[in-house]
Every structure is written in C-alpha cells, then in structure tokens.
Amino acid sequence: MEQILSIENLSIALPRGADRGFAVDGVTLQVARGEILCVVGESGSGKSVLASAAMGALAPGLRRTGGRLTFQGQDVTDLPEKAWQKIRGNRIAMIFQEPMAALNPAIPVGGQVAEVLELHGDLDRAGRAARVLALLAATHLPDPPRIAASFPHQLSGGQCQRVVIAMALAMNPALLIADEPTTALDVTTQAQVLRLIGELRDNFGHGILFITHDFGVVAEIADRVAVMRHGRLVEIGPADQVLNRPQDPYTRMLIDAVPDLHRQVQRPSRQAEPALRIEGLAKTYGTLQALKPVSLTLRRGRTVAIVGESGSGKSTLAKTVIRLQSCSAGRVLVDGQDFAALSGRALARARRRIQMIFQDPFGSLNPRRRVGDIVGRAAVLAGMTRAEARARAAELMELVGLKREALDRRPGQFSGGQRQRIGIARALAMSPEIVIADESVSALDVSVQKQVLALIDDLQQRLGLTVMFITHDLRVAAQIADYIAVMRQGEVVEFGEAEALLAAPRHDYTRALLDAAPGRHWSPPRLAREA
Amino acid sequence: MTVLGVLRRSGPALIGGAVVGVWLACALFAPLLAPYDPLKSYSPLISPGGLSPDGMRFWLGTDLLGRDILSRLIHGARTVVVWAGLATLSAYVVGLAAGLLAGFYRGWVDTVLSFVANTVLSFPVLVLYIVIIVSIGASAANIVIAVTFASAPAIFRIVRALTIDLRSRDFVAAAITQGESDWRIMLVEILPNASGPLVVDVCLRLGYTAITIGVLGFLGLGLPPPTPDWGGMINDGRAMAIAFPHLVVFPCIAISSLMLGLSLLADGLREIANAGPGGGEG
Amino acid sequence: MKRYIAIKLGEMILVMLAVSFIVHVALELNVGDVAAKVLGQFSTAAQRQVWLKENGYLDPFLVRYFRWLGHFIVGDWGQSLRFRTEVISLIGPRLAATGILAAATLLVTVPIALLLGIAAGVREGSLLDRGITVFSVLTTSIPEFASAVFLSAVFVFWLGLLPGASTMTAGFSPAELVLPVMVLSLYTAGYLARMTRSSMIEAMASPYVRTAMMKGASLPRIVFRHALRNALIAPITVIMLQIPWLLSGVIVVEVFFAYKGFGTLLFEAALNSDIYLIEACAMVGVVVVVVTQLISDMLYTWLNPRISFRDVGRREGGA
Amino acid sequence: MSGLKLGRLRSMLGGALHPAVRPLAEQATRGEIGRREFLRTAAFLGVTAASAKAFIGDLGLVGEAAAQGAPKQGGTLRFACSVMEMKDPALVTWAEPSNLYRNSLEFLAEVDADNVTQPYLAEGWKPSDDLKTWTFKLRPGVKWSNGDDFTVEDVEFNFKRWQAPDSKSPNKTSFAMVTKFEKLSDLEFRLTLDRAVLAIPEMLYAYTCPILHRKFDEMGSDWIKNPIGTGPFQMTEYKVSSIAKFKRRDGYWGKPAFLDEIQYIDLGTDIAAHVAALAAGQVDVLYRVTIAEIELVEKLPNVRLLRGKAAQTVVMRMQVDQKPFDDIRVRQAVCLAADNQKMLELAYRNRGVVGENHHVAPFQPEYFKLPPLKRDVAKAKALLAEAGYKDGIDLELVVGNTQGKWEQDASQVLQQALAEAGIRLKLNVMPAAQYWPIWDKVPFGVTFWAHRPLAVMTLDLAYRSGASWNESHFSDKNFDAALDKAMGIVNPRERSQAMEQVEKILQDSCVIVQPFWADKFAAVSAKVNNHRPHPADYFRMDRVWMT
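Protein chains in written order, with the working numbering: chain A, 125 to 655; chain B, 33 to 314; chain C, 13 to 331; chain D, -4 to 542.
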C-alpha cells in the first residue's frame, strides 16, 4: 500500500511552564492512500498538535525537537514556509472542527473555495467559478450557485462543513487531515458528513488522518485506529482489533467507558408515584414557539432522558421547568403545588426542591469563589451557621467522591470531571427531590463521563432522586434513563420506556436519530478493568 | 497570587506597574520625597539644575512664583491620585450600580437606564463639563461631579454588557435555582467576575481623567490654586513655555509617563487575562 | 432598515428633549447672571431686574422651557446674548469651519493610524509592535494643550513656517489649518492605531485566518484579504464615533489657535451662560452624535455581513 | 521726581503764557508737581500742548519716542483685538470695543498717551472758580460722516440720553452731579454741577462717552447698522468675534489719517494665540501683552515691546460689612501680613510700582507720599487673636483673572504671606466671564482697576459712600469730606497736600490690599510706527503709520 504520510518518532516540545514537557512524544505512524486513520484520544492527548505538525504549521510556542516527516516520499521535516505554502491546501488539506468559525465571515463562501484554486491552480476566473460549483455539488450541497454566493452566517453548520470539505478537496489533495470535523454538528448532520468523508475516500482514494475523541465515530469510519495519551501513541492497529480486542490497558479503559446503545443492564421495577408533572408547558419568544405545549410526568426515583438535536427545545424545557425563565402557559406540579405559579418568598422556598446540574463544568462554577463557599452556601441559606455549613459541605464532598481539602480551593484548580462533581454536590446541597441534568456529561472526556454517570446513578439510588436528564447523546440516554422522551421543534414526539423505545422506535424521527448514531452497530466490549 | 506575581507574567504590565508604582509612592510619601515645600516661593524662574541666589539647588528649576518644580511634581502626583482617583471611583460607583441593575433585570429598568446613559453620551463631553462646572462653579468636588456625570454612562455600558453576558452563565443560574437574593447574585456572583475588563478600564480611565482635569484647567475651570496639579502646571506655564520650556516640559513628562504606565499596565493586564486559565484569578 | 432609521430618529428626538431640559436646568442655577452679562458688570440691580422681567426671565421655569421649545421647533432659536444676533445664523458657518477641521484631521489621521495599527497588529509582541504601541500611547497621553504649545514653539516661533493663529478672517487658508490638524491628529492617530492594532491581533488569531493559512496563503495575502476587512470593522465604526468627539473635543485646539469653529462657539456660549446658544449647540451636537452613530451602524452592517439592522439596534458598546 | 530745566520750559512755552502758568511751571521745576500734571494743568488753562511732544522722552514713557522719519501714507494695519457686540456705544462694558468705534466716534476731550488732556470735539473749556460751572466751546466745521453738521444739539442729545431715567449707561451715575445742560449757542454749552468736580474733561473721555449723532435713537439705536461718526475712519465691516474693518474717510475735520484701512481681528481669549499671530506676521499690533508673554515678546525678531506706566492695579478688597471683614482687626491683620513687594516681584516680575493700599499712584498728580507700609506678621497674629481667631482664620478670595493669570499669581503670593500669620486663604479661581457678574458681590475678591487720569476719579467711584462701583461697601464720612475737599482744589500742590488725609483714611481702614501698580505692555511689529501704549488702552489710530 502506498504510504502518503509517514511520521517517524516525532516529538514536539511544549513551552516552558506547561504541565508536561512534550505535546507529542516520539510518535510514529503512517497514513496510506485510500485509508482513514483515526487518531483517538482524550483532551490534552496531543492529537491536534499532531495534526498541525502534519501541516507544517505549529502554533507559536511549540517546536519540533525530533523526528521526521515524510510526505509522498519527500522529506518535509525542515521545509521552509514558502515551500509549505505550496503544499498546504494543494497536496494536504484540512477540515476543521468549527466549520462556521473556520470560514471568513466577510467573504462569500464561493470566493473562499475559489481562493484555493487561485492559490494553487492555473484556472482562469470562469474556470474557477465552474470548479467551485462542481465541488459544492460534489459535497451534496443543494443549489450550488446560491450557496456559493452566501456568507457563512447564512448557512447551517452542516452546510458550512461541506463548504470546508469542498475547499479541502479543491486541489484533490493526497492527504486530508480532519480535526474533529463533526464534533460541533448535530447527530443527523454528523452522519451525513461522515458518510461524505467515507465516500470521498472510496471515490478519490485520499489518505485521511481523522482526529476524534468519539469512539462511535471511530467505529463508524475508521480503517485503522491510533490511540494517544499524554502525547504518546499507546496503541495502533486495524479498527476491528483496537475496538473489539484492545491490548493496551488505557485503550481498554477508554473503550470500557463508552456507553452502549444496546443496554445490557436491567433496571429495577419502574412503578412509582409521580414526583413532577408537567402539564401543557409552553414558551414563546415573540413569534417563535420554542416550546409547544409539553406534558410529561416524572416518577419518583426514576430518570427521564430528554433527547433531541440542538434547537429541539429540550434546554428550554429544562429552564422553564426550573423557573430560570418564565413559561407562557402550562403548569409544573410538584406534589400538587404549581411551581410555575409561585413568586417571591414562596418561590425562593420551593426552589430547593428542584435543582440543576449544568452542562459546562467550566461555566457553572463561579471562578472567584472557593468550593467550600459554593457548596456550603445552600446550608447557609437554610439557616445553618458557618461551621455547620462547612461540615455539610465536607459531607457532600465525600458523597461525590472528592476530598475535603477541596473546599479551600477555587474551581480553576480542578479538572473538568472534578468540577462536575462539585456541581453535583452543589445541587445536592439543597436536598432536592428532583434534579435536572442539562447535558451534564457532554463536555467531559469519555472516561470521566462514565464516572460521572455512575455517580449520578449511584446518588439516585441512595437518595431516591427523580432525575430529568437532558442529552443529545443517545448512548448516554441509553445508559442512564428509565424513560426517554424524544423532542423535535419544541415538541415531544415520542415518549416511552428506554429499552422499548431504543429497540423499537415508533416515530420516524426517533428512527432517524437512531440510524444516525455513529457506530450504532458496534457494542463496546465489556472488559475487565485493568488500568 | 500576589500583585507582583501577576505582573511578572507580562513585560508591559511590569513596566507599567513600575511607573505607576513610582507615582503612587510619590503620592503616598510626597512630603518625604519632595526636596522643598511645593507651595513656597524661593526664587523665580531658575533653570533646571540651577542655584538660587542663596545657594539652593533646584533640579528641575523653579516656576514663575519661585516654587520648586520637582517638589510640585511629586506633590502633584498626590493631587492626581486623589482627585482623578476620586472622580474615577465615584463614576464607577454610579456606573456599576446602574450597569448591574440594567444588565441583571433588563426590561424597563434597562430601557430607562440605557436611555439616560445614551442621553448623556449624546452630549458632547467637554460641553457637558463646561456646562456643569459653569453652572455649579469650579472646585475639586465639582470636578468629581462633572467627571462622574460624564464617565458614568460609559462605565454603565461596559458593566451592563458584562452583566448581560455573566447573567447567562450557569453559575448565576445555579445561584438563582438556589433561591439567592438578586442583590447577592449581582454583588457576589456577577461583579467579581466582571472585574477583569473593569480593571483594565480603570487604568485607562484614570489616565484620561487626569488629562481631563488638565483640560478643564486650560479652559479656566481647573483645580483651585495653589494645589499642585500637573495639568494646571502645564497650563500655568503654557504662555511662558517658549521662553521657559522647563515650566511645561517636566509636568508633561510626568503626565505622559503616568498615562504611559497606566496604558501599559492595562495592556499587560489584558494580555495576562487572555493568556488563559489562572489568569482569571488574583 | 427604514424601520431602524425611524427608531433611531425617534430616539434622537427623545434625547434632544432630555438634553435640552438638562441644559435648561443646569443654566437655571445662574439665570440671574444673564442680565448682568447683557447689561454689563456695572449695571445696577434695578436695571437688571427690569431687563429680566422684560425678557421673560422671571416667568416660572417650565413656562420658559416650553416657550423655548415651542419656538425652537418652528425654527426660532432665539437671540444669542453674547453675539446679539439670531442663534440660527451663527451655528452654520461655525459648524462648517469645524467640519473642515474634522475632515482634514480624519484625512491625515486615518491612513496613518490604520497603517501603524496593521503593522503593529500583524506581529503582536514584535519590536515594531512595541515601538508603535509606545508611540501611540505617548501621543495619546500628551494633553492637547501641551502638544499645541510644543508644536507652535517649533513651527511658529522657531522655524517660522506656520501661522500661529487660525482665525481664517482673511478667508480660507490651508496653512492656518496645519497646526490645529497636527495637534488633533497626534492624539487621534494614536488612539485609532491602538484600536486597529487590537482588532488586527484578534483577527489574526481567528480560526478563519488559520483556515487561510492552511490553504497555503502567504502572510500578506492573509493580512490583506482575510484579516483586514474583519479587523477594520471596529476602527471604522470608531472613526465615525470620533466625529462627535472632534466636534466638541476640538474646543481646546480651537481656543488655542483662535479657530472660529463650533468648539469656540460652544465655549464662549457656555462661559457667558448664553442660554439659547448653548441649547442650540447642544441640539446640533446631539444631531451630529446620533447621525454619526447611524452612519457608523450602517458602515458596520456594510462591513460585517453577519449583522442585520435588527441586531445593530441592539448592539452594545461602541467606543 | 526730578525737575524740569526751567530754561527749556521757557523756550518751549514761549512768551505768551497764561498768568497761572508761570507759578505752575515753577512748581514743576522745583519738583513739587509732576511733569505730566504740569502739562495737564497747562492744557486745562488753555495752553495747547502741541509743542509738549518734545517732552515725551522725559516723561517716563518708554516706547515710541518722537516720530521716526517722515510718516508714510497708506497701508492696512491689522490689530489683534476682540470684536465684541457694540450696538450702543454708550453701553459698552469694555475698553476693547471703544477702540473700534474710536476710529469713527469722537469725544469732547481727549486724554492722550501722556495722560495729558487735550481739546477734541470741544475746542476748549473753562471751569468757574468753584469748579461747579463748566463752559465748553465746540470745534466749528466738524461734519458727521452723513454730511450733517456737528452742533451742540448732538452733545445735548448724548447728555440727555446718559441721564434719562431708564438709562442703562454707567454715565448716568458718573454724571449724576450735572444738574443742568444749557445751550449757549450752536457751538457752546454750559454744565451746572451740584458739587465741585475737577475732572469733567477727563470724565468725558471715558469709553462710554463717545458723541453719537443726535438722530441715533431715531435711526434704531444700532451703531453697527448706522455707523455715523465724526472721526477719520468709516466702519465697513463688523462681524462679532471675528473681524471689523475701518476705512479712512474723506472730509474729516482734522488731519487725515495715514492708514488706508484698519482691521480688527478677534483672536479669542487666549493671549498665547495673539503672540503667536504676531510672531507669524498675521497681525501688526497686539491690543495687550500680559506679563506672562513679556520674555517671549522681547525675544521675537521684528517685534517691539512697548511699555508704559499706568495707574492700573489690582486690589484685593474686603467688604467691610461682611463677616469677618466687618471687624477692622481682621482687615488690619490681612493688610499687615500681606507682602506687597513680594507680590510685585513674583507675580509681576518687578515691572511696576509697589502699592500702598490707598489706590493713589505715585505718578498720579495728586499723590501724597505717606510713610512706607511695614509688614508685621506678629502684629497681624496678635490682632487676629484679639478679634477672636486664636487658631487663625479661613478666608476665601475670589479671583477672576480678568486681566491674566498674574492676578491669580499675586493671590497665591498673598496666600503664602497670609499663611505666616495663620490666615488660611482659599483661592476660588473662576473664568473672567463667570467672575464679572459677581465682581462686586463677593466678600473678598480681586478686582482689576483700570487707569484713570486722576486718582480722585477712582476714589470717587470706588470708595465714596454709596458710590456706584463701591465694591467694598466702604463708607466713611470723614473720607467723603476729605475727598470732596481735595476734588475742589485746582492747584496741584495744594490738592496733593489735601490728599494726605484721603490716602491715610483709606490706608488705615484697611479696605484693600493693593499689591502694585502694573506696568502696561503692548507689542507691535517693527513695521508699525507711532503707536503708543495708552495708560487706559485708548488707542487713536489716525497718527499711526506703516513702513
């Protein structure tokens, strides 16, 4: 097989003062024509730096300290910038994570695609225009002339990513480097883009270096898989082998953490009295109906997952239920009391019964306050003294698996997973009956995600919490939910017990979502934990 | 994290901090540092480094009334720090309060406060100063009032925008779901997190306020004499500057160096803030 | 867009009402001095009282305010106390004079500032960047009345190249414009260069610049084709917002060089409690501010296709 | 005061002397009266001072000496001067506008640059012995610029206007003692006064006393619209705060002016701009140069600094009926602690004469030399303590800087001096325009007093009980009587002696701290000839020429 890119023993040093010496540490790998090599790793594994190095464009502050880079037989290790400019976009092209941001907001996208042709090809203006339309059509964009004349903000995320792909394909490069190209996209769009990339590989025989953190995506698309951790390559091999028979303990741990779409664990009986009844809840912004009347019942001690793509109204539902915004109509009944109608002190008193765990572990904790104050605040509000509040906070820290010393630190000194635990502790501090988790694990690495999901599950068992779990990830929903509600355009289109809904979806949209889930046919093997 | 620790992370911040620090020291210890009494007449119009008839040396010379320019500059630092500081502070109190309220509550509160701010901002600033001071008279306190009136709307806008942004953060949502009172959310959750950009703005605004006081002096509306203030010194020496440049050059250097220091400090703080995690602290 | 302009104009009228009322209130505090100013400092109290009565100054405050408002709306802007002539006839020429000054200043400032700002912003932290930053901070930190002294010391007294006063009494004279423009430009250029620099730095760090780099574009191409247009949005809107500042901020420069512009008119009016003139100046000032805001917003939309007029109306910040 | 050479005097005055002139001349020779006073009185007694120009060099007026070379006809002179509103010349409140209309409007008498009073539209005058009746004879053959003859009716019109019940002119009060205006013929009139007044001709040269055409009010009371005058120039353009132009007119009764045109260019309030304009050759004459610009002007090439003595001064006056100044001990403490010499040295760089707190200048004719003032801080302290201010006292001085920053500088020196006696003086500095409305209202303020030919004119206006400009509210019957007495004496020596009491009462009452008499400065480009600083800034431009 023809090797397009060959990386040998590449090391890239981080600037002094970073938490480790090397971003990439002695990595050796090859990409062959017509294959997709997926580089997987959690955040900070050095996979994106590796991609930049392959483009000869290291960020300022980084420098290569060793190793060689060979591209199509040519040693490009020390190629000057001018020469790299001839290669970039021409023989190696890149697809980016945030397609919208990657496009210049002030130039119509057609012009941006044409620029690649202008830089590298010898087509005249008319030739370029024709080629742009052909490229846009090749990425299955509807109405290429209209798209070409559009500005990025006038297109959807998926369309933008197709434009970026068209741009990458313009010179028919030998190597494509895709850096998390579908992470920012909805699941159905992601499926289409992944399909497109696979199609390109089949039709044109590009070599593709595909950076991702999502094993579902890997399972969907990879020919070979390379696993990175702390800048090192821990395992590389054919997809089937790495996904189903991983050798390295780290890889095994990672794969073990991936939730399975086809649930194996049986959950206990679901009969319980309702803890929260949502009746005809609606929310409109001006003329936009963000939430059409929604009715839903949450049973005590059970978990309902609300699943949907962005804009489906699932977050609006959560915020309206918890009174972060007012509703336009409907009732939220907690123990027969309409939470949606309360105000003033009564509202402040009732608030403790419903608490929320937020999505972004970086944004949901006030960076200026100590963890002890954040977690202990609920106790203070409940009328305890400072000392009592501190004791309570310490208790909570233990409950979520953190040390009591953590109380004196600020959120900035914790990792994402730890912060999410603090967020959970804060929610629990109010001794709520109902917890709403809004995408609470989607920003976490898969190994951490697993721990947090286990924690929530565990707490639910121990404290008898009723959980409303908002997520876009069907795997996560499958893992944690007793019931699943599927939302689309402000409506619940399907509601049912989790296994039944996943096994036999009744609504077309649910089916489409399930079909789009990357790697849906792959069940991660359950391996004994060795790491 | 210590102040020095933060500043060490950026060259400009360190230099700026040093310059500002020197002037702060001058302001604090003026009576100890100044070689002479800043208000006392010795011998008029001695050139820099010159001797008075009775043998005293004046490193930066003396002014028209025979006062030591170096001592006046050192004491002038105090005037600048006190009055520009007070004016900036009071503008901040008003701007912060209004900005927090408008950004937090939005709705009609925001509409009313924003309209007031827009109204004041649509007023040519210098005219605003003049009208205020002409109608209530020129004095240090009135300069504070005038500067407050003129700068508060700009601060209001910054604070309001920051508040609107922070208001949408999850930690504020968390506080709301905990049933925290509004004022506590504004003061404990929002305000400390807005301080980064505001510190930068304070640095720049302090400098501009110092200059504004000087400009008002030029228009005959400055601090009452004999308070040594740099703008006033420049203005006093202006007519004679061509014959006696030292009257104007040194106060100019003083005011420019302070401005430069504050600007570098602001740039540096911005750099540090942008440098990523950890920058949010201290 | 039409709707936006209509909203903006409505807002302008509200602001004008508010400003006129504020000015009236502020000047109310020493309305008694008006007579002294008209009749001279040596007039007797009785004479002043008679004058105040004759001219309606003894009526209740609100009556006077609404009388003024009614007259203002129909174009009767009253008599200037200081110039003893129709206010409306005073403002036009003065505004035009300041307009010329402002235009000349922008003409000099904008190219220089943009050039410096771009050069500094492209390579943040380089020696050139540091140099330009220090220069621009320095120029913005010298008060205008001080730089006016230095520049006139050099160009009028030492070199004898330029006229020292810019009265333009003998008709328009470009030479008389040089010094005021220099003083204003020094200050404005530094400010604008800093603004351009920071927005250039931001643009250079943006993902689309990285995209352009990954396309194989050269640095000049990246700067001029990709970064610049986006980076200019902020400075250009700032330039527009500078115009009101130029209109009023020129007071110092106009007074120093005896330039007969809007600034000196305002200054004299304010110093003399020339109430109708101040009111008219303030109203004109508001119109200028709001109209430049409007133009600035339109430019912003034009430069930035992401923003629609609806968004502009809600846009926060500015200079 | 040095004497004159009698021989030179005789040769100058020739044989045909008024009998009273000889004793005067002898007094002058002995140094008993000033040279200027001699000339003034000589003129007063009907001796024209035409040949007196030869003495100018001896008169202590540095600057333009006798004409340099032959006068040249023609040219345009640009004069830096604020161009203010002046529809009614009798109502102007500043000397500046008067210098503009002075080119077209004339006065009955003129006080020239040497402080000598000269006939003008009045050919001559004659007071009665008791100085209560003044007969004026008008110059024949004078024509208004619209062709009308100048007659006594014009004068009568002006007097009536000034004295009308609704008159807003300061002339109303200054001529309140004129009880009767009698027309004696077409060119003669007589004024009857209710008290003796010595300075009627001088008063008639005040800037509010230009003689307007008798139909001024009928024509709309707006001189800018109907600039009719008797003077050598005709106004052709007038733009407030911008420019005013005057062209030489034909048919002037006197010697035609040399200049073709005078342009008055308004350079705003900032004198630095004026000097810059002069340096750059944009103007030829500066109305005024303040002490701050002196060194600069001296250094400028092609520019001449003109300097002259004038009875102009600032006074820091205390209102005697306001707390705490109603206690004379406080005022005495202020006067004793003040250091007039130091104020002159620092604030006016010694370019003037130290003041003696009685508002009579050594170079004014009626000056009587009192023992010099002594500074006594200890005594000031003691007086303060006696008045109940053991721990010192806080005072506020309002400063308007109406003539320049030196007023403020002097106040700062005063502040330092008073501090030594435990008086904490706060300075309240405000823009001149803001200061003028309250100049006579503040308890303690700095007021600039312009030059007046005779000290009694000032004293009469400012310190007599109930006088219109009595800003200090000083009221003392003895002072009024002493002043009346001095004002009724024609003979300078006797009058000067009578002034001893006047000066003493004022000085002892400690109404004012009067730091110094300020010299007067003007600057002209080297092209300008025969422009002379006038002690009161009254510039006649018809004898000025350009090279």
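You may find that some hints are simply not true.
Partner residues aside, some chain C positions facing chain B, computed with beta carbon under 8 Å [claimed, not checked]:
| id | residue |
| --- | --- |
| 1 | L39 |
| 2 | V149 |
| 3 | L150 |
| 4 | I154 |
| 5 | F279 |
| 6 | V301 |
| 7 | V303 |
Just a few of them, taken from the derived set where beta-carbon distance is under 7 Å, the chain D residues facing chain B [as the list claims (entries may be wrong)]:
| id | residue |
| --- | --- |
| 8 | A267 |
| 9 | A287 |
| 10 | E288 |
| 11 | E290 |
| 12 | L341 |
| 13 | N345 |
| 14 | Q407 |
These are calculated hints, taken from the structure and not from any lab test.
From a predicted model like this one, the values you see are computed outputs, not experimental measurements.
Ideal placement from N, C-alpha and C gives every residue a C-beta, glycine not left out.
Hint check, failures only: Hints 7 and 13 contradicted; others consistent.
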